[in-house]
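Chains as they are written, first to last, in the working numbering: chain V, 1 to 141; chain Y, 1 to 380.
Note that these hints are calculated values from the structure, not bench results. Quick caveat, the model's predicted, so the values are computed rather than measured. We put the beta carbon where it would ideally sit given N, CA and C, even for glycine. Treat the hints with caution; some may be incorrect.
Stated by the list, open to error - Which chain Y residues stay away from chain V? Per the calculated CB distances, all over 12 Å, these:
hint	residue
1	K178
2	A224
3	G355
What the hints assert, rightly or not - Computed footprint of chain Y on chain V, listed as stretches where at least three residues anywhere in the stretch have a Cβ under 8 Å from a Cβ of chain Y:
hint	region
4	28-38
5	63-72
6	84-96
7	107-121
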Amino acid sequence: MENSTLAKPGTKVVRVGPDGSAWIEGYRCQACGAVVTVATMACRSCTSRTPPAAFRATDHGKLFSWAVVHRSYPGIAVPFVSAIVDLDDGLSLKGTLRNVEANALRSGMPVVVVLDDAGGTHDKHGASYVGFHFVPEGAHA
Amino acid sequence: MTDVFIVGAGMIKFGRYPDRTYFQLGAEAALMALDDAGLGIKDVGAVYASSTFNAASMLGQKILQQIGQTGVPCINVSNACASGASAVREAFTGIKSGLYDIVLVVGAEKNPSGMLGGSPVDGPPPEGLFGSVTMPALFAEAGMVHTNAYGTTLEQFAQVAVKNHHHATMNPKAAYQKETPLDMVLASEMIAYPLTKLMCSANVDGAAALVLVSEKRARELGMARAVRIRGSAMASDVFEPRSPEMLEPNSVTRLAAARAYEMAGVGPEDLDLVELHDCFATAEILHYENLGLCAAGEAGRMISSGETALGGRIPVNVSGGLLSKGHPIGATGVANMIEIVEQLRGEVGARQVSGARIGMTHVLGFGGSSAAGVHIFEKA
Numbered sequence: 001m002e003n004s005t006l007a008k009p010g011t012k013v014v015r016v017g018p019d020g021s022a023w024i025e026g027y028r029c030q031a032c033g034a035v036v037t038v039a040t041m042a043c044r045s046c047t048s049r050t051p052p053a054a055f056r057a058t059d060h061g062k063l064f065s066w067a068v069v070h071r072s073y074p075g076i077a078v079p080f081v082s083a084i085v086d087l088d089d090g091l092s093l094k095g096t097l098r099n100v101e102a103n104a105l106r107s108g109m110p111v112v113v114v115l116d117d118a119g120g121t122h123d124k125h126g127a128s129y130v131g132f133h134f135v136p137e138g139a140h141a
Numbered sequence: 001m002t003d004v005f006i007v008g009a010g011m012i013k014f015g016r017y018p019d020r021t022y023f024q025l026g027a028e029a030a031l032m033a034l035d036d037a038g039l040g041i042k043d044v045g046a047v048y049a050s051s052t053f054n055a056a057s058m059l060g061q062k063i064l065q066q067i068g069q070t071g072v073p074c075i076n077v078s079n080a081c082a083s084g085a086s087a088v089r090e091a092f093t094g095i096k097s098g099l100y101d102i103v104l105v106v107g108a109e110k111n112p113s114g115m116l117g118g119s120p121v122d123g124p125p126p127e128g129l130f131g132s133v134t135m136p137a138l139f140a141e142a143g144m145v146h147t148n149a150y151g152t153t154l155e156q157f158a159q160v161a162v163k164n165h166h167h168a169t170m171n172p173k174a175a176y177q178k179e180t181p182l183d184m185v186l187a188s189e190m191i192a193y194p195l196t197k198l199m200c201s202a203n204v205d206g207a208a209a210l211v212l213v214s215e216k217r218a219r220e221l222g223m224a225r226a227v228r229i230r231g232s233a234m235a236s237d238v239f240e241p242r243s244p245e246m247l248e249p250n251s252v253t254r255l256a257a258a259r260a261y262e263m264a265g266v267g268p269e270d271l272d273l274v275e276l277h278d279c280f281a282t283a284e285i286l287h288y289e290n291l292g293l294c295a296a297g298e299a300g301r302m303i304s305s306g307e308t309a310l311g312g313r314i315p316v317n318v319s320g321g322l323l324s325k326g327h328p329i330g331a332t333g334v335a336n337m338i339e340i341v342e343q344l345r346g347e348v349g350a351r352q353v354s355g356a357r358i359g360m361t362h363v364l365g366f367g368g369s370s371a372a373g374v375h376i377f378e379k380a
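This is chain Y alone, in the form it adopts within the complex (with noise of 0.2 Å):
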């Protein structure tokens, strides 16, 4: 089969935008991500888009008909806040038959406003009631089986956001680029205890898209900017007694990283860069460990030595991550492999992470069950 590997990508600036259209938003990034491939849309063969609220609503076939109506097969993804990884895991795995040689990926979002989580139900309106489901608690809840388990402090949790604010200040294409140190960060409004506002991913519209090829194409087209996929992997959630009454972001993420690590023949060892799942600051705590990138109960001791800031030992979240650069849904998963595919390229600036080789991205997708996309990248 085939190897296959990334020769364009491109996002927009995440924000808000209130005068654009979810799929304006994806037909720009599409655009970009084809001009960066020396593509045309002509050239494509199949089109994965990913949305995690707008995906029923033919959100591909809408992006062309901003760019151009070719007629390819276009499908529709949504897998929570894995929609992204999950449509590159198509396009993919499209590519690995021989079906494609080229295909679009498109992530495009634009969230609805205030606190995400929950749904309504017949009876009582649960909230307050019976525990809270607002995606806060929830990650607060699992970030306090690792306080309980590892003595990890509010601070620890904290640091998580001083460092991916700090990051984003590099990253033009960021929502936010202001630092934040650590006693705004803990002087921020608590959401969720240990969850400050701050230690929250920022809420915001996107789009993200990607070209990936055959390795024929990508000799036709030139491998000096190409990006190889090593590993591409997801998983859905297997028995945990206590979920889903409680979020269980743990052994999903394990499992989708075994797999992506095993297909890429490599270790957490070999990787030189992470864009991991920062939905919460809590939630970046508890992947250091299920990416294997330290070991169990290391993870708070990891981020308050830096070795996951940049400069560090195995920098994390580079581009700002969701806590910063910020959280389009349906995007997110396509933007934290834009991140890699840039750094791996050595295009990103200030935030270049030297001699970057090979890199990880990861993303959980939770809606009272759960989701998880790794992929392995290395410079072509």
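With the rest of the complex left out, here is chain V (with noise of 0.2 Å):
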């Protein structure tokens, strides 16, 4: 099936550029250095007035924390692991975890970013979204 339409971020942090190359996007604040996932009018943190600056987070980062869903919304695959990500330039971000056994998760254990079609979705003009997942480093995506 021939689709023209450019791919669309399939969630807040995604970026993806006219050639639809796709990157995930941070904000950090140029006085106190504080990292968010959404631009804000000032930071949040130290309240400076500029605006928090736009930068391309790293695919690499330590597993913070997680939970092993079990039950989950209907029609919601189950189980899966549900982990929060430091970054290693500092942007923290919420996805799933995968081709990881629960007994193996740690804190701190290194994990990177893959960029994914987001589940297969598309939108009604048929443009499919990118999303990201996490996998331990050195596993296959």
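Bring the two chains, given one by one in their own frames, into a single complex with the hints.
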């Protein structure tokens, strides 16, 4: 099926460039260094009126905490690992951690961000969405 | 400024009320509190009504339509799970300021059924794709931080549920009055590790009401059953690097607690009992430390040693807590104050904390950002 529609961000931290390349964006306060996931009018930490500046996030980070989800909303496949990951350049993200056994989860374990097609869903014009998940460093995406 | 006293308290039995509206439940609790105070709705100078899901429907005015439309100021408050404490805080402020002598606070809720949390966004449904935003998952993630730092075990989290369900067997107004031994808690359905179903709060309907008065009115009405509000504090969440991607229940609670202790002029060692926001078993563990009931890393030992059970050093959630008494969200913060008021009056029977003189309540509201309320009470 032909689909010339450009992919769209599937979640708030994903950006898609005009060439279809995708990355995760964060914002860093130039005054205090606080890092957040969304653009704000002032720094929510130090209140500097200079809006935190966008940066392209690294794909390497460490697992901070997690929940192994066994029951979710109706229709959601379980179990899965809901993970909080601290990226090495300061951005913290929530995402699904795949390709890992629950008993192997350790705080501080290295993980990498994998950009993906956000579950294979499309909007009404046929555009796909770009999402992301985590895998343990060294594992296959 | 005048001190503020609670002279009336009333709550309905928590549970499911499919045939009654939330404002009917609220009206019933309001009349119980007024009767308890020996007052009528005509005596009341203002009404603050709390509901997480129905504040926008003018809950308070609908209650007044049931019990008497006196034309007083009526403010509807929604602040997630901190709605009830927020309404009490506003009532406290109104009396402190001298604007009102008698204020009625009513919290009433009919919770939606099913698992709470999250909201749909544009794009693919996020649940499962980008982690989980269910409340059990959020509080599991918060609990695992404690496990990772201090080695807190699944069994220790489960012991919170054992304790609070046991306490509720002595509370006829609790939604559930059933013992849940440790093996039953551990064997119940795993929702989000380390939380099993019995470690999640009971999603039920309920209503609770308080009558707050100035010191002058309290003396006129008689101080024998009056309870003084010594500390009333709220906090909004301060910046935390992982929030709101991750629920951060700790710093906002610590901020509210510090303010309440300062206002009250007491410390954790002065408390005889605490009703805290055990929306999930992991939360109770975190809040032992957030409220200063024990040192950092000591909460697991504290639950295992029985210090927070009835008869222990500092009983916590003797009412049964949100886990077993139930969590009708907008009523919860009022209901946990009622437990403290009735404990300080010595009126709760089998679950009475002997010699209780000073008690604390705590709630944590979360909806992508946070609110915490901490109140400290003393027998007048």
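These are the hints, each one checked on the structure:
1. K178: holds, 21 Å
2. A224: Y/A224 clear of chain V: closest Cβ-Cβ about 49 Å, beyond 12 Å.
3. G355: holds, 40 Å
4. 28-38: Three-residue rule met by the region 28-38 of chain V, so holds; n is 3.
5. 63-72: Coverage by chain Y holds for the region 63-72 of chain V (9 residues, Cβ < 8 Å).
6. 84-96: holds (count 8)
7. 107-121: It holds: at least three residues are needed, and the region 107-121 of chain V offers 4 whose Cβ sits within less than 8 Å of chain Y.
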